[in-house]
Structures are given as structure tokens and as C-alpha cells.
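Based on the sequences and whatever the hints tell you, model everything.
Note that the protein sequences, when read in sequence, are chains S and Y. Numbering-wise (this note's numbering), the first sequence opens with residue 1 and increments by one. Numbering-wise (this note's numbering), the second sequence opens with residue 1 and increments by one.
Treat the hints as calculated values from the structure; they're not laboratory data. Keep in mind it's a predicted model, so treat the numbers as computed, not measured. A virtual CB, placed ideally from N, CA and C, is assigned to each residue, including glycine. Careful: at least some of the hints might be erroneous.
[Stated by the list, open to error] Derived CB-CB ranges, DEER-like: (1) S:Gly47 to Y:Thr39: 37 to 47 Å; (2) S:Thr128 to Y:Glu203: 17 to 27 Å; (3) Y:Ala293 to S:Thr128: 43 to 53 Å; (4) S:Arg205 to Y:Ser214: 39 to 49 Å.
[Stated by the list, open to error] Now the stretches of chain S that chain Y is said to cover, found in silico as 3 or more residues with beta-carbon under 8 Å: (5) 106-118; (6) 123-131.
[To be verified] Which chain S residues stay away from chain Y? Per the calculated CB distances, all over 12 Å, these: (7) Leu39; (8) Val57; (9) Glu60; (10) Leu68; (11) Met173; (12) Cys193.
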Amino acid sequence: MIFDPTIVTEHLGDIGSGFLVTLGTWSSGVVLGMALGMLIAVAQVFGNSLVRAPLRVFIELIRSTPFLVQLFLIYYGGPSFGLSLDPVPAGILGLGVYGSVYFAEIFRSGFDSVARGQLEAADCLGITRLQCIWRIQVPQMLVIILPALVNMITVLCKETAVLSIITIPELTMVLTGIGSETFAFVETLLMLCIGYLILVELCSRLGMLLETRVGRFMNRQAR
Amino acid sequence: MNSFLIPGGGASAEPRKQASEQQGDSMKTSATAPGEQPTILSLSKVGKSFGQLRVLKGIDLEVRRSEVVCLIGPSGSGKSTLLRSMAFLEEYDEGQIHIEGKLLGWQETDKGRKRAPQSQINQVRRNVGMVFQQFNLWPHMTALGNVCEALRQVRKLSADEARKRGMAMLDKVGLAHKADNYPAQLSGGQQQRVAIARALAMEPHIMLFDEPTSALDPELVGEVLQVMKTLAKEGMTMVVVTHEMGFAAQVADSVIFLDQGEVVTRGTPRDIFHNATQPRLQQFLQNYLDRNAFWQDGGK
Numbered sequence: 001m002i003f004d005p006t007i008v009t010e011h012l013g014d015i016g017s018g019f020l021v022t023l024g025t026w027s028s029g030v031v032l033g034m035a036l037g038m039l040i041a042v043a044q045v046f047g048n049s050l051v052r053a054p055l056r057v058f059i060e061l062i063r064s065t066p067f068l069v070q071l072f073l074i075y076y077g078g079p080s081f082g083l084s085l086d087p088v089p090a091g092i093l094g095l096g097v098y099g100s101v102y103f104a105e106i107f108r109s110g111f112d113s114v115a116r117g118q119l120e121a122a123d124c125l126g127i128t129r130l131q132c133i134w135r136i137q138v139p140q141m142l143v144i145i146l147p148a149l150v151n152m153i154t155v156l157c158k159e160t161a162v163l164s165i166i167t168i169p170e171l172t173m174v175l176t177g178i179g180s181e182t183f184a185f186v187e188t189l190l191m192l193c194i195g196y197l198i199l200v201e202l203c204s205r206l207g208m209l210l211e212t213r214v215g216r217f218m219n220r221q222a223r
Numbered sequence: 001m002n003s004f005l006i007p008g009g010g011a012s013a014e015p016r017k018q019a020s021e022q023q024g025d026s027m028k029t030s031a032t033a034p035g036e037q038p039t040i041l042s043l044s045k046v047g048k049s050f051g052q053l054r055v056l057k058g059i060d061l062e063v064r065r066s067e068v069v070c071l072i073g074p075s076g077s078g079k080s081t082l083l084r085s086m087a088f089l090e091e092y093d094e095g096q097i098h099i100e101g102k103l104l105g106w107q108e109t110d111k112g113r114k115r116a117p118q119s120q121i122n123q124v125r126r127n128v129g130m131v132f133q134q135f136n137l138w139p140h141m142t143a144l145g146n147v148c149e150a151l152r153q154v155r156k157l158s159a160d161e162a163r164k165r166g167m168a169m170l171d172k173v174g175l176a177h178k179a180d181n182y183p184a185q186l187s188g189g190q191q192q193r194v195a196i197a198r199a200l201a202m203e204p205h206i207m208l209f210d211e212p213t214s215a216l217d218p219e220l221v222g223e224v225l226q227v228m229k230t231l232a233k234e235g236m237t238m239v240v241v242t243h244e245m246g247f248a249a250q251v252a253d254s255v256i257f258l259d260q261g262e263v264v265t266r267g268t269p270r271d272i273f274h275n276a277t278q279p280r281l282q283q284f285l286q287n288y289l290d291r292n293a294f295w296q297d298g299g300k
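Written out as C-alpha cells, the structure is:
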């Protein structure tokens, strides 16, 4: 097997822009997914059964269908519902919706992990529910759910490869394109792997850094 | 006549037994008769069921300002549920609870009553402080952070003002030097004292204690009781669910014995511990006496 580095160096510009598109759609999808997921989780934890039941159906629906099919539904099926989106917004929306239900489940388990008594204490002092979520539950649950959160974020990173199907010029589309033009499949696919590896590695490093940062109060023991 | 007062005041973790007994006695004789003080908390026919089980069966109760009321009774008697109802942590489903004249938790409407909006509930119990068996401190905040949180979020004090009042409260419970420690770095007794400071910071008119020493190692009970005694002496109105009969005997103005969701009897500590006539109360106290009477049998 001969690795021809010129394939990579000749297309460095394209690869770089593909990398940026991947980074952009990924991070936008993560932000959207986490925001939606938090809303779903809060509605599930604090809402009544009228709110919870349809959310449960939505979660099951998204969890039990492939991301690719959901993406097609948004991009190709969207116009029939009056939702005509360009590829990139459609892709971000797809990623966000897909991720939101998993994030919601993670957040929900996080809310459950904070002892009820702490909320009763807050309640008695007149602290509102919203203040309680933001000041007492979220900071504590972050410590517990951070590993699961980072895990889901890295899954979404790799799911961005699917966006190539709806013609978003991200890393996978660019590099497989170069591969079929030049027949240098090994070089391009290897580069593709390295590209995702860098992104995922950066993400988990950041996660570990955060873990030690937010978990400091847990590590201090009685003297 | 049976005397059920546990020998030596009963509080084995109380080092200054004699001193506090004297204080306790003098307090009771010198304090204004509770009858002259206005009623601050009143319960009428309060009932509560968990499914089929009726845990509170029409409780009537009045607490006057500066009164210290201890609720005693066997486990499952409903005393914790009763106390938690007074802060609307349990939705009592019969009767009324009034705090300083205002109905707690419910709104009367044409079609019966419905739960009051949260803001209204908070308004009514604004002057109620609650201390829990499990402390319920927020572990991600320092001791001072715990005390200041509600001052900042609810009373909207500036950071400086909240800090000042927070430190004063920690000082009051003897923990100013632990202000920057997290709950995990404090002993159980210290955590409970921080929890008391947290409730006191809101300047409550009445303090509710739900078995405040039950989760503590025996040698840490005394420091928490000491803080509570100081509060009582300062005239704080207190309702205390407790298994510390010594504390009840020394500090309470009145002791209420609950069993199976009913007030069996209410009286002064002397009535309850010395002149118990109710069979159920006698049985309950006899159990305590038997359990704690190891020093009596020593000579036999």
C-alpha cells in the first residue's frame, strides 16, 4: 500500500472548508439539541400528564427511527409541510431534533439525581422553581451527567457524516468526492478518519477538563 | 403516681445538665403566660390521607407567639406529616391551617377548594423557617453560600448585604469560621447548624424542626440542641418533632403526644412526663425509660 500525501496537500483548501462545515453544523446541532433537550426534560419533570404524554411519544418516535430517514423527512418531505430549508439549516435542524431526545433523557436523569429534600428546602425559603432549576439542580446534575453528555456530543459529531447525503459540503462529502475523482480511496478515507478523530478527541479533552472543574466541591472531604 | 421523667433530664448528650434544668425551670416560671400572647399558628380539624391510609385525623392545634411546642409520639404516628403540613410540604386535604391569620395552601372557591398559586403559598409561609432531619443543604454551595442563597434570590439583597447577614447568622450558630467550607467538609452537627442559620437568615416568625437530631451521631446531638435552646430563650416560636425527651422536658412550654394520627394529649412537660395518665402515653414513655435505663440497673 502506497500512501500518496500529494492527494491531501493538493486539496488542502477543500478539506479545510469541509472540516469547518462539519465543525459548524455539529456545534450548531449540539447547541440546538441541548436547548430542545433541556426544554423537553423540564417539561417532563415539572409538567403534568397532558404535557408529558405527547413528549413521550415524540421521544419514542425519534429514538426508534434512523437519523437518515428523519433527515430525508425534513429535507425532502419538509416542503409538503411548508418547510423549505436549504441543506445546511435542514441538516442542523435534523441533528438538533435527533440529539434533543437523547439530551432530554440525559437531563431528565440528571434532574432525578438531585435529592428531593434539597428542593423542599429551597421551596420553604421561597425560592422559585425556575431559580431552583438554574441555581440548584443544573449545577449539581452537570457533574453527574457530564460524561453522558460528552458521549452524546461525540455521537452527534460522527452523525454529521450523514449530512453529506443532502449535499452539505462537509468533511465526508468533500473527501469521498476527492476519492472518487482520484481513486485514492485509502488516502482520503484515512484523512476522513483522522478528521473525525481530531474533533472527537478535542471534545472529550474539553469534557474531562470541565469534569474536574465543576466537580471540585464533590472531591473535598471532611477534614 | 408514676414519674416518667427520665432520670437526670434524660439528655445523655447534655453536658450542662443542671444549668440547663435551672434555666428551663426559670424560663417557664418567668416567661409571660402563653395565654397572653397572640396565636401565630392555628390548625383546625387538619386531616391527611395517603391513599387508603388516614395519617392525620382531624388535628386541632394552636401555637402562640414565643411558645415552644414539642411533638412526640411513636414512629408512624403522623408527627412528621403534621409538621410538614405546616410548611405545606404535604398537602393536607381536610381542615385549615392558618399562619398569622392567613390560610395556608388552599383557596376557597365556589366548587370547593383548590391549591393556591405558588406565589400565594410562598407569601403565607414567608415567615416560616424549616429545618429537616437530613439537613438538605445544597452541596455545591459553601456554608455561607447556602445561607445567602435565598437572601439573594428571594429577598433580593445585594451581595454585600447578603454576605453580612449570612455571616451574622453563621456566627449565631457558632460557625463563622466555617463560612467557606462545603457541606461535605462539615460534620453532621455543623451541617445542621448551617441549615438552622439558613432558615434564620430569612427572619422567620416561627421555626419548624423535623427531627433535627435524628440523623446525627449521638455526640453531635448536643451542639444542635444547644443552638435550639438559645433560640427558644430568645423568644422564637418553635414547633419541634423530636425523640429527644430531655430537650422536650427542659425547653418545651407544651408537649403534644400524637398516636395514630390523633392528638392523644397535650400538656406542660410536667403533665406529660410526670403525671401521664393516658395508657398509650404511659406505654410510649415506658419504652423510652426501658431503653435508656441502663444506669439504673447498674446497682442491682
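Numbers of unmet hints, in rising order:
none
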